[in-house]
Structures are given as C-alpha cells and as structure tokens.
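Peer 1: Okay, so the first sequence: first residue is 28 according to the numbering used here, each after it adds one.
One or more hints might be untrue.
[What the hints assert, rightly or not] Distance condition first, Cα-Cα at most 25 angstroms in a straight line; then the derived SDA-like pairs of lysine to any residue:
1) Lys-198 with Ile-173
2) Lys-191 with Pro-38
3) Lys-191 with Asp-145
4) Lys-198 with Asp-131
5) Lys-191 with Gly-165
FYI, nobody ran anything at the bench for these hints, they're computed from the structure.
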Amino acid sequence: MILPCSFFNRPAPEVARALLGQTLVRRLPDGRRLAAVITETEAYDGFEDEASHAHRGRTPRNGVMFGPPGRIYLYLCYGMHWMLNLVTREADYPAAVLLRGTSDVSGPGRLTRHFDLDGQLNGQSLGSASGLWIRSAGSDPGSRRIRTAPRVGVDYAGPQWASKPWRFILKGKRNG
DNA sequence: TGCGCGATTCTC
DNA sequence: AGAATCGCGCAT
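Input sequences plus hints: build the corresponding full structure.
Peer 2: Shown next as structure tokens:
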C-alpha cells in the first residue's frame, strides 16, 4: 500500500521513526523504477529547533517546510548535494524528515544521486504525479531493531538541539 | 552588492 | 586533512 499524505501529519520525530522499514519508490523519467528500504532518517521539527532551516523563520528556500504534509523538500547542500526531505505536520508548521540512507545507499547526498532526484521535484507531493512515493511494508519494525542517535552535522545548533536523539537507524539492514 | 558557510562526499 | 562548489541568508 502507498502511504497517504495524512501519514505525515504528525511530529517529525514520529514520522522519521515510522518511515524506517518502508520502501522508497522512484519512477524515473524513462519509466524505470527504483525501490529501496529506508534505513536512516532525521527529524527537524518546529521554529524552536535550532538545527532546522526554519528556525529563523520562513524564507524562499525553506518555504516548502511550511506546506502541507507529504510534500517533497529538496535543497542543495554544499553547492553539490541534494538533500531529500519529506514535510510533516500541518501547513504553516515547519517540520520535515531528512532521508539519510536506504538499504543500498548510505548518505543523503548519495541517496538523491542514486534515485536521480534534484530541485525539479522540490515542492511537489509524494505520489504518482511526482514519480516519488513510499510503499508501506505493512508491519512496523520493533523498537529493538531501531536505534537513535544525535543528528549529523548540526553542531551549529545549541547543545540542547544538537544532542537530541532525532536520528533514527534501522539495525540489521545493509547500509551502503 | 558582498561574503561566509553549509542537514556532504571524495580524494590525498 | 582539504577540496569541490554555489545558493542562501544576513550584513553592508
């Protein structure tokens, strides 16, 4: 079953955790399909989250984070890597989940390269029209198969936010 | 209008 | 350890 946008209408850490074990599916322009199990995610939630792009308010770049749940937020990092995020929570509340890894790719930049994703899909919704969606596994991986960790590369945020365990990793899946 | 830097990755 | 590489966000 394909996850509906309503699946994303809840706090980002909750969605980040719930996405583990689900399958990311990509329909390429030439019709080919790529699919891989999501193994690593990170949550960014709210204005107060100092690690979030939205912490200093709405800007042209982060505007998609303020959109309705299930939107695709793609931004360029370090001038060369696209980061894939899925918007969570209701409209006007900025929150998103960064996809950091799947069963056959490690790292958010390599993930988007593998799935042929760039700014073209920024702002679109998950689904057939965009050619990107999530297929549900049906069963939830038990908490024993999930570990949490601080988010990567967010030392610029205050210690309270930099140390939050909002990175979620599925154990026992090949990562890379 | 200019400048520092980043939710990274690859090579040396 | 350092480079690659560029748009964004804030300061001027």
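Peer 1: Which of the listed hints are not met by the structure?
Peer 2: Failing hints, ascending: 3 and 5.
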